[in-house]
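Using the hints provided, position chains B, C and D relative to the given structure of chain A.
Protein chains in written order, with this note's numbering: chain A, 1 to 218; chain B, 1 to 218; chain C, 1 to 233; chain D, 1 to 233.
You may find that some hints are simply not true.
[Stated by the list, open to error] Chain C regions said to be covered by chain D (calculated; three or more residues, Cβ under 8 Å):
no., segment
1, 29 to 41
2, 178 to 191
3, 216 to 224
[What the hints assert, rightly or not] The list that follows gives simulated cross-link-like pairs (lysine-lysine, DSS-like), each with its CA atoms no further than 27 Å apart:
no., chain 1, residue 1, chain 2, residue 2
4, D, K159, C, K159
5, D, K159, A, K19
6, C, K159, A, K117
7, C, K159, A, K124
8, D, K132, C, K140
9, D, K132, B, K121
10, D, K159, A, K78
[To be verified] Partial chain C-side listing against chain A, Cβ under 8 Å, derived:
no., residue
11, T171
12, N202
13, T230
14, P231
To be clear, the hints were calculated from the coordinates, so they are not data collected in a lab. Glycine is no exception: its CB is placed at the ideal position from the N, C-alpha and C atoms.
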Amino acid sequence: MALSKQEIAQRIAQELQDKWYVNLGIGIPTLVANYIPKNIDVVFQSENGMLGMGPFPIEGEEDADLINAGKQTVTILKGGSLFDSAMSFAMIRGQHVQLTVLGAMEVSQNGDIANWKIPGKMVKGMGGAMDLVASAENIIVAMMHTDKSGASKLLKRCSLPLTGVNCVKKVVTNLAYLEIKNNAFYLIERAPGVSVEEIKAATEGTLIVEGEIPEMKF
Amino acid sequence: MALSKQEIAQRIAQELQDKWYVNLGIGIPTLVANYIPKNIDVVFQSENGMLGMGPFPIEGEEDADLINAGKQTVTILKGGSLFDSAMSFAMIRGQHVQLTVLGAMEVSQNGDIANWKIPGKMVKGMGGAMDLVASAENIIVAMMHTDKSGASKLLKRCSLPLTGVNCVKKVVTNLAYLEIKNNAFYLIERAPGVSVEEIKAATEGTLIVEGEIPEMKF
Amino acid sequence: MINKVVNNAQDALLGVENGMTFMLGGFGLCGIPENCISELVRLGVSNLTCISNNAGVDDFGLGLLLKKHQIKKMISSYVGENEEFERQMLSGEMDVELIPQGTLAERCRATGAGIPAFYTPAGYGTEVAEGKETREFNGKMYVLEHAFNPEFAFVKAWKGDTAGNLIFKGTARNFNPMMAMAGKITVAEVEELVEAGELDPNQIHTPGIFVQRIFQGKDYEKRIEQRTVTPKS
Amino acid sequence: MINKVVNNAQDALLGVENGMTFMLGGFGLCGIPENCISELVRLGVSNLTCISNNAGVDDFGLGLLLKKHQIKKMISSYVGENEEFERQMLSGEMDVELIPQGTLAERCRATGAGIPAFYTPAGYGTEVAEGKETREFNGKMYVLEHAFNPEFAFVKAWKGDTAGNLIFKGTARNFNPMMAMAGKITVAEVEELVEAGELDPNQIHTPGIFVQRIFQGKDYEKRIEQRTVTPKS
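Next comes chain A alone, as it looks inside the complex (with noise of 0.2 Å):
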């Protein structure tokens, strides 16, 4: 069966490694902070000026102050520090953010991204988006294999205004597992009871499957 959006943020979780500092994106990327394995130190860091997100703030202690790229009423953990925006994207630029989780609406076989603008009907803007897809070593992006109408997001090339380009290299959806090199999706795991077919039949673009591919394990 198809992932939730849950399960998606939990199969991602599982590659975050010990005292990796992190940043999330939001939708589904946000959830990841639920499902950090046990017995590794991770940081979230928010791009608004924040390392050390914690948790949301008791009911009643919420500080119009202190609130996260999304928006929403956060704490700072301890060990946490806060900085203004320019230095925020010092540490992004820099790539020392070790790893950011991302969604998008597009990704294509070459690891192009586009998740911030549909023309003439959607422009929020890319935010933070471009810088992070622009400098991160690691981004995991995590998506729906499929729009509303069944069509593949997972293509040879975005046909929306990129984000980023030659950047993804890992894709997490609610079907499968895939990394991308060589100007292709490899397929490394498939979601619970999600066959072959099933993941080929909704990825336009090349998709790779060498070998038996495992489960996605929880």
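What follows is chains B, C and D alone, placed relative to chain A:
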């Protein structure tokens, strides 16, 4: 009679204006701080990371962590601030400092200045001087009019490696107060008792003398 | 010490005119100069170019200026959460330049720091880089980005002193420090204005040299955009 | 929170090798990483390239490395006050690259901030700009300057916590924050090491993300180069 170093500083201090932030170089410029006109507020910036530099500390209260750009122990005034070197030069480069006063080995009639290197002999380095002269809107050079052998230091062209080009607007020497424009030194004031002829003789660069040249007043 | 205090927002905004370019601090509604925005609405100045990470919401922040059609052009990184904004943008009533958030922050800093241009990887290969110089350094491609040239910067701080020194709180710091560096005239409104000497010089975020006018703000609403909480257990 | 604490200078400098490029914080003798410098002397590593605003004095600071001929090249803005330095430089034993102080600070920041290059007016028309690209922006000439690529950065802070957050004191801050951002491995030595959570997150100068190793320094001399005082009246 030619001015003493203190008097050069005193004359320069008359150029200070209310609400100016001022960077004083090492040597004669440092002495300017002793002659701030009454009824004006100026703030001294030290490029190693301080605004609101105050006098030397009371004996016994020296703090190794509070020095000026000349590595001298100083104090910080109420309302001052401390910051890093990048921020300090952001202030300088961004023209937030209204006046720079610095020493020179040579100045030329087109406003070039040389003060950091004598090839084969002395190479202490430019420190912050190149940033200061390239950025400041308002630069006053404090210097002796001639070197120890009597050779002019106000030249048609500098012979030493330059610190900056076309940047010096005013020069106060032991003999005169001069402005630099139209590729010439304009004589504005004489040191008390020093004749125009003496100044002419000590100036290698083109010296313009228009009308009666008043003596400096202190 | 040079005294930068003015009486109120009205005095702080003297010289503001139609057609000017402003920077306004804040991320979402966090750390926005509420008093300055109210005064801009009251003054009714129009044809403004506003550089601000976001554009407020329909009835608060820069949304108040949008509603009155005072803004000709917005330069932002993210403009969601604002229906009137979207309407004016899609209808062409307002011009919008969207730029990556880190590029926006760095361009603000560059403006104040006397850096006319710098290279950044953000936006390479996208429409953000169209018409811009690109260049390779160490095998990676970068885009040349330039400083801004704003007439005024409006920032909001937590505490400030009479010398113009500012301290921000939490994530309300965001774009405020760089914008404070960048204004030809920088106006700072603060929640608490103290005498010079009361703030620890070692803890100042924005040195007073960058601030031309400072005033004690009033009636701060500090609206929360997304109130997310953990229920009391 | 990620713990960055190592036992001592010896552990902090693991991996230091001959021929490497280091950044070392400090202005004059103010805010220099005394413990790291001592350990570099003890290790005897040589052929080093050192990026530091100054080069110490004959018997303290980087002068200690100079005396042992461990430095192949110095990149600094000001190197007076050091006879052995002058001797090695004029004799050609050591290579010296002098660059404007603001350019040095900005290049350190750029290194840490992922900015490969930027334009600055400093040095235009002088030998500092020789061989470098120059360019006009708004009628003024600028020089293109690049980021560095140091293996280690050694910085000294006043207080630090186990998460690597740093607070500097007075003008001992100087180059330390930018260099902390720039090291592939940044080693911070501190006068006082505290638990994560003891420092106010709003007052941290260098966020812990930039620091890979931190240790409690010892035996600080904090020598004063020019002791200038006002006599007691």
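Is the Cα-Cα distance between D:K159 and C:K159 27 Å or less? Holds, at roughly 24 Å.
Within 27 Å, alpha carbon to alpha carbon, are C:K159 and A:K117? Answer violated: C:K159 to A:K117 is near 38 Å, above 27 Å.
Are D:K159 and A:K78 close enough, with their CA atoms no more than 27 Å apart? 16 Å, holds
Are D:K159 and A:K19 close enough, with their CA atoms no more than 27 Å apart? OK: D:K159 and A:K19 at ~22 Å, within 27 Å.
Pairwise hint evaluation, C:K140 against D:K132, where the allowed Cα distance is 27 Å at most: Holds. D:K132 to C:K140 sits at ~20 Å (cutoff 27 Å).
Coverage criterion applied to the segment 29 to 41 of chain C (partner chain D; beta-carbon cut 8 Å; 3 residues): violated (count 0)
Under 8 Å, Cβ to Cβ, is where C:N202 needs to be relative to chain A, so tell me if that hint holds or is violated. 16 Å, violated
Between the alpha carbons of C:K159 and A:K124, is the straight-line distance 27 Å or under? Not OK: C:K159 and A:K124 at ~33 Å, beyond 27 Å, violated.
Three or more residues of the segment 216 to 224 of chain C near chain D by CB distance under 8 Å? As far as the segment 216 to 224 of chain C goes, the hint is violated, because 0 residues have Cβ atoms under 8 Å from chain D.
Can the restraint linking D:K132 and B:K121 be considered satisfied, given a maximum Cα separation of 27 Å? Holds, at roughly 26 Å.
The segment 178 to 191 of chain C covered by chain D? Criterion: 3 or more residues, Cβ-Cβ distance below 8 Å. violated (count 0)
Interface hint for C:T171, Cβ within 8 Å of any Cβ on chain A: 5 Å, holds
Comparing the model with each earlier hint shows violations of hints 1, 2, 3, 6, 7, 12; every other hint is respected.
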